[in-house]
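A.B. asks: Given chain U's structure and the hints, the job is docking chain L onto it.
Heads up: the sequence lines are chains U and L, in that order.
Quick note on our numbering: the first sequence kicks off at 17 and runs consecutively.
Quick note on our numbering: the second sequence kicks off at 17 and runs consecutively.
Because the hints were derived from the structure by calculation, they are not lab data.
Any given hint might turn out to be false.
Pairs involving identical chains hold if they fit within one copy or between any two copies, as the list cannot separate such chains.
To be verified - Calculated lysine to aspartate or glutamate pairs in the DMTMM-like style (CA-CA distance at most 20 Å, straight line):
| id | residue 1 | residue 2 |
| --- | --- | --- |
| 1 | K60 | E43 |
| 2 | K119 | E379 |
| 3 | K327 | E43 |
| 4 | K295 | E310 |
| 5 | K295 | E313 |
| 6 | K312 | E297 |
| 7 | K327 | E310 |
| 8 | K312 | E379 |
| 9 | K38 | E61 |
| 10 | K327 | E40 |
| 11 | K327 | E374 |
Owing to the predicted nature of the structure, the values given are computational and were not obtained by experimental measurement.
Below are the chains, spelled out letter by letter.
Number of protein chains: 2
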Amino acid sequence: MLPGVGVFGTGSTARVLVPLLKAEGFEVHALWGRSEEEACCLAKELGIPFHTSRSDDVLLHQDVDLVCIYIPPSMTRQIAVKALGIGKNVVCEKAATAVDSFKMVTAARYYPQLLSMMGNTLRFLPAFVAMRQLLVEGYVGEMQVCDVRVYGPSLLDQSYGWTCEELMGGGGLHTVGSTLIDLLSYLTGARAHRVHGLLRTFVQQNGLIRGIRRVTSDDFCFFQMLMGGTGSSSSGVCCTVTLNFNMPGSFVHEVMVVGSTGRLVARGTELYGQRNGSKGEELLLGDSGWVGPEVKEMPLPHLCGLSSMVKALRQSFQAHEERRSWARGPVATATTFEDGLYVQTVVEAVKRSSCSGEWECVEIMSQEPDPNHNLCEALQRNKN
Amino acid sequence: MLPGVGVFGTGSTARVLVPLLKAEGFEVHALWGRSEEEACCLAKELGIPFHTSRSDDVLLHQDVDLVCIYIPPSMTRQIAVKALGIGKNVVCEKAATAVDSFKMVTAARYYPQLLSMMGNTLRFLPAFVAMRQLLVEGYVGEMQVCDVRVYGPSLLDQSYGWTCEELMGGGGLHTVGSTLIDLLSYLTGARAHRVHGLLRTFVQQNGLIRGIRRVTSDDFCFFQMLMGGTGSSSSGVCCTVTLNFNMPGSFVHEVMVVGSTGRLVARGTELYGQRNGSKGEELLLGDSGWVGPEVKEMPLPHLCGLSSMVKALRQSFQAHEERRSWARGPVATATTFEDGLYVQTVVEAVKRSSCSGEWECVEIMSQEPDPNHNLCEALQRNKN
Chain U
17 MLPGVGVFGT
27 GSTARVLVPL
37 LKAEGFEVHA
47 LWGRSEEEAC
57 CLAKELGIPF
67 HTSRSDDVLL
77 HQDVDLVCIY
87 IPPSMTRQIA
97 VKALGIGKNV
107 VCEKAATAVD
117 SFKMVTAARY
127 YPQLLSMMGN
137 TLRFLPAFVA
147 MRQLLVEGYV
157 GEMQVCDVRV
167 YGPSLLDQSY
177 GWTCEELMGG
187 GGLHTVGSTL
197 IDLLSYLTGA
207 RAHRVHGLLR
217 TFVQQNGLIR
227 GIRRVTSDDF
237 CFFQMLMGGT
247 GSSSSGVCCT
257 VTLNFNMPGS
267 FVHEVMVVGS
277 TGRLVARGTE
287 LYGQRNGSKG
297 EELLLGDSGW
307 VGPEVKEMPL
317 PHLCGLSSMV
327 KALRQSFQAH
337 EERRSWARGP
347 VATATTFEDG
357 LYVQTVVEAV
367 KRSSCSGEWE
377 CVEIMSQEPD
387 PNHNLCEALQ
397 RNKN
Chain L
17 MLPGVGVFGT
27 GSTARVLVPL
37 LKAEGFEVHA
47 LWGRSEEEAC
57 CLAKELGIPF
67 HTSRSDDVLL
77 HQDVDLVCIY
87 IPPSMTRQIA
97 VKALGIGKNV
107 VCEKAATAVD
117 SFKMVTAARY
127 YPQLLSMMGN
137 TLRFLPAFVA
147 MRQLLVEGYV
157 GEMQVCDVRV
167 YGPSLLDQSY
177 GWTCEELMGG
187 GGLHTVGSTL
197 IDLLSYLTGA
207 RAHRVHGLLR
217 TFVQQNGLIR
227 GIRRVTSDDF
237 CFFQMLMGGT
247 GSSSSGVCCT
257 VTLNFNMPGS
267 FVHEVMVVGS
277 TGRLVARGTE
287 LYGQRNGSKG
297 EELLLGDSGW
307 VGPEVKEMPL
317 PHLCGLSSMV
327 KALRQSFQAH
337 EERRSWARGP
347 VATATTFEDG
357 LYVQTVVEAV
367 KRSSCSGEWE
377 CVEIMSQEPD
387 PNHNLCEALQ
397 RNKN
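The following block holds chain U by itself, in its conformation from the complex (with noise of 0.2 Å):
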């Protein structure tokens, strides 16, 4: 039996995710947006019953079993730590920092029975699944580079907000270059373990974000990973990112994985292969023929993958007569709170390289660090 949903955000991720729910069974039973007024608007253009600006009447609500958050990062981890505390399934963006996301581990952890995975849709995308499962067949030989480039216009937002602040979770490396960081680790089976990264603002200001306020998240980025595998096939990998945010009027997405014996690429929602020694390219896994409405904000590989997600998600839960058990299988692949905290490492790692100039270990975080930390250290050098 499939569980009541409720969703937070009001944003195009969630004006998309409603429909695709709805069409595979799942009843959405509450929104929540920031303000009434936003919640209310959208709520009404999707048909949901109930909405609210209060967060405990959604995560309360009797109808709600799976809960979708969909917020500015920086939201995210009290949302989905409060879920999960009350025994929901939770579905979720990411969060805005590697302590951020080690409190939702911790609460993962601890509610092992519940669903807890981060919205990653990249993973679901059967152009993805394809490649995949290629690489584990040894398609491309021994792994020897990733070369991943996203090309698209600009994301930030009409207004000043979260996504023009580096601090706040905005800029290409955090939202779109950690669906990559995942998607890499997916594919390769392998983690980085060193990091290096150039971050760059080119526009700084606009015609709406002017005066005083400047953007500080970067729109260019370009980062290497080093990967250290498990198995001997992925370890030496080298992964190269290049994302640039200033090129309106186009969308590049772009995935090459280049091994010993072949190649793999996925364009877009496509997947081509050529191994060595053959005359050119075959076509793997063509267009999926998207038939759902075009997003503006939200590329095809994305939405695609979204699609699939919750196709994903219905199999799990259905499986089961209880409204909140669900089934491991479908979901299997799916990023996990864990894999979101080796993300965010990463990704401030990629920050700290920028700022150093040098490599930078990712040393994935097995404690909460000491909120008085800095207070002590501060004490120690006094001493001194």
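C.D. replies: Below, chain L without anything else, positioned relative to chain U:
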């Protein structure tokens, strides 16, 4: 009147160059090869009246006024410097080290009336000539990012040789990267002041190179250059270059410049552009329709560029009655020996960066290093 030409080298470039020279009306009088046999064989094939394996025989040949040097990097400096000393005009490929390049610069400065240019053909390719013109005219607005990628099959020769050896000037960075470093300074009008890079040799042995022999030259290279320009528009440009020569059966040669109001992309020999606000890319310069022979080892942009370079040389020389005199105009944008030293300095900085993991400064040699420097240091160390 066109000068008589002497050619050094029996490789693929020399083989293509001679017919191009003849087609423009140059007479090729002499050919040098490393062995009598190689020289004889190619001279017969190309119809060159004189061949030898002794360099002086070409350099001192009465009818030779222009010397074209296409030999392994480690031998280039010696021939180029000697040719200038004998009063011959010189077109040559890159040297192996910055010290060699510096010696060539010294010679070129000493004989300013002689033509001395590096044979970087990309500066002559119509797509890049047009691209530079459009950049100057402000097509992209303020330049932000240059993104270059070149993918192709292995650069290694059939048998073990200098192409396998990093110290002999082999590898993707030295062979292909150097032409791109030069091209980017031509396009942006700026030079790199800091670089960061990563080199890898994924294929260290193959069917032909085995046993105790190992390839040390890079087959994957990835570097960033921060440009510090003379003009305000080119300072602060980030250049990223990805080279991958583990992709048999493919050839990608893409140079993109992104600016504040638009972008330009050269794919192969074609030039495309898109201004912000326009719906799609426009073709600015189509394929030149190369009608000459296809050369497996030589990608089309280099082949077409070589053809254009030979045309420019013809224009430069035909303006004058005297066989050795030339006009600066047609070859004014060619890569000078000074540019060659800059390129070599960047190449070495990228290699240093790949070892150190840090950003390295590009500091161009202003005097020849003392050959006893290492000895002195050793003595110094012993004293302490």
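A.B. asks: Evaluate each hint against the coordinates.
C.D. replies: Consistency of the hints with the structure:
no., hint, in the structure
1, K60 x E43, "within (15 Å within a copy, 83 Å between copies)"
2, K119 x E379, "within (16 Å within a copy, 47 Å between copies)"
3, K327 x E43, "within (14 Å within a copy, 72 Å between copies)"
4, K295 x E310, "between (35 Å within a copy, 17 Å between copies)"
5, K295 x E313, "between (38 Å within a copy, 16 Å between copies)"
6, K312 x E297, "between (30 Å within a copy, 19 Å between copies)"
7, K327 x E310, "within (19 Å within a copy, 51 Å between copies)"
8, K312 x E379, "neither (36 Å within a copy, 46 Å between copies)"
9, K38 x E61, "within (14 Å within a copy, 74 Å between copies)"
10, K327 x E40, "within (7 Å within a copy, 66 Å between copies)"
11, K327 x E374, "neither (42 Å within a copy, 46 Å between copies)"
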